[in-house]
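**Q** The listed protein sequences correspond, in order, to chains A and B.
Heads up, the first sequence is in the numbering used here, so the first residue is 1 and it goes up one at a time.
Heads up, the second sequence is in the numbering used here, so the first residue is 1001 and it goes up one at a time.
Just so you know, the hints here were simulated from the structure itself, not pulled from any lab data.
Built from N, CA and C at the ideal position, the CB exists for glycine as well.
You may find that some hints are simply not true.
[Said to hold, decoys possible] Derived CB-CB ranges, DEER-like:
1. 1063(B) with 85(A): 56 to 64 Å
2. 1176(B) with 149(A): 18 to 26 Å
3. 31(A) with 1061(B): 46 to 54 Å
[What the hints assert, rightly or not] Derived list of chain B stretches under chain A, where covered just means 3 residues or more per stretch with a C-beta under 8 Å from a C-beta of chain A:
4. 1036-1048
5. 1067-1076
6. 1144-1150
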Amino acid sequence: MACTFKKVNTMTVKFIQYWDVLSEREEEFRKFALKSYIPGINDTGLLKIIESWYVASGEGPYYIMEGVADSVKNVNNLLQMDEFQKLNHLLHFLTTNYKTKLLVPTDPVENVVPEHKNYRFNHHYDVIYDKYDDYLRFIKDEHIPTMDELGVKIIGGWYVAIGPGPNIVIEGSCTNAKQILEAIGSKRYQELISKLLTMVNGFGSKILVATGLVS
Amino acid sequence: MPVKLIHYWNVLHGHKAEFDSFFIRQFVQQIDITGLMKIVGSWHVASGEGPYFIAEGVSNSVDEVESLIMSSEYLELRNKLFRLVGNYSTKLLVPTGRISTQPIEIEHGYKFNQHFNINAADYYAYTTFAEKEHIPRMQSFGIEMVGGWHVDVGATPYVISEGRTKDLSSIGAMLENPDYHALTLKLLSMVSNYGCKVLVPSGHVNT
């Protein structure tokens, strides 16, 4: 099925949460996330949980919860709310290795949200400061078009405003994981990454699969 | 008992052509000529954390690795390599014994490697799970389990479970399969610091 995309407000920010579920608490965690945590956050109106993922390939933590807000202020207001603090307190009984990042849009990627089930292939890295202009040109003129031709649509470019690095996250989306694997096995992809690696440090990538917690 | 010496690095900016020539014509050839180790594969990390380049050498024993790394020829090769690469690190891997060791020859295909630490309290549950469930189920997904290793020397996580496949589509189909997710969740109940990598041949040694 072809994936359609919805443009996001240029002021949209992402609040990303990472964790591992404690041993033997998976079922309890699932019920809590479905019945309390996700609806509780969405009900505040300050942040919308748009997807939850597990890391099918790459480094942990294994769970990623992805929320979008209209502003950094909204995220800050959420974090100060008693309701959110209670929800997070309960979450910490079921999880470990919790961390968060606040992502802010960065050029030159136009951020969109896929409207159907999708798989993600995300890159993360630090741009070498004195190659920044070359990097911007490369992403716009080569990286985005090539990934698109390989079947992976680049749907987001973010910098980590608050939280642990690497500082740039580029999000790719695809309707199936097989397409991602086909892309990364191709010579064109390897040549593209070899070129990217001349402009960035700390490069890594993740393949994300939806957990099914968010309908 | 075969052991693996794994090298990790990133090629320095602007040195790719020089690195390609050095790695193929000197590094691989001269290590192979010693007879103490065979470079069986070189890989790019297509998905997962860097460093981006991985070179794998296999020896018949830890003694042979020791003889190699103490030799002046190896030190000279390493010093030349350091002019072309950064973020260099190595690990010495010894077999866990749960998977039959492979013959020492060039590796082909693609790899799906998982790495983790086993929770101390779950060690025996993990060994049963690995033998009875994890290895057979991974094979049923089309991933041939070719190595189970302990990191004898080098950075943790200290267990590496090594899978191989002839085509990347098997890995893609596995990642889309809810049974794989359930299997991984069971593994995660016994281990910590879990991660995995998809490796594709770099084209220098193997295809």
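**Q** Each hint needs a verdict: does it hold in this structure or not?
**A** Consistency of the hints with the structure:
1. 1063(B) with 85(A): 56 to 64 Å: holds, 58 Å
2. 1176(B) with 149(A): 18 to 26 Å: Taking Cβ atoms as reference, residue 1176(B) and residue 149(A) lie about 22 Å apart, which means the hint holds.
3. 31(A) with 1061(B): 46 to 54 Å: holds, 52 Å
4. 1036-1048: That given contact holds, which follows from 5 residues of the segment 1036-1048 of chain B lying within Cβ reach (below 8 Å) of chain A.
5. 1067-1076: With 0 residues close enough to chain A, the hint is violated.
6. 1144-1150: Since three or more residues must qualify, the claim that chain A covers the segment 1144-1150 of chain B is violated, with 0 doing so at under 8 Å.
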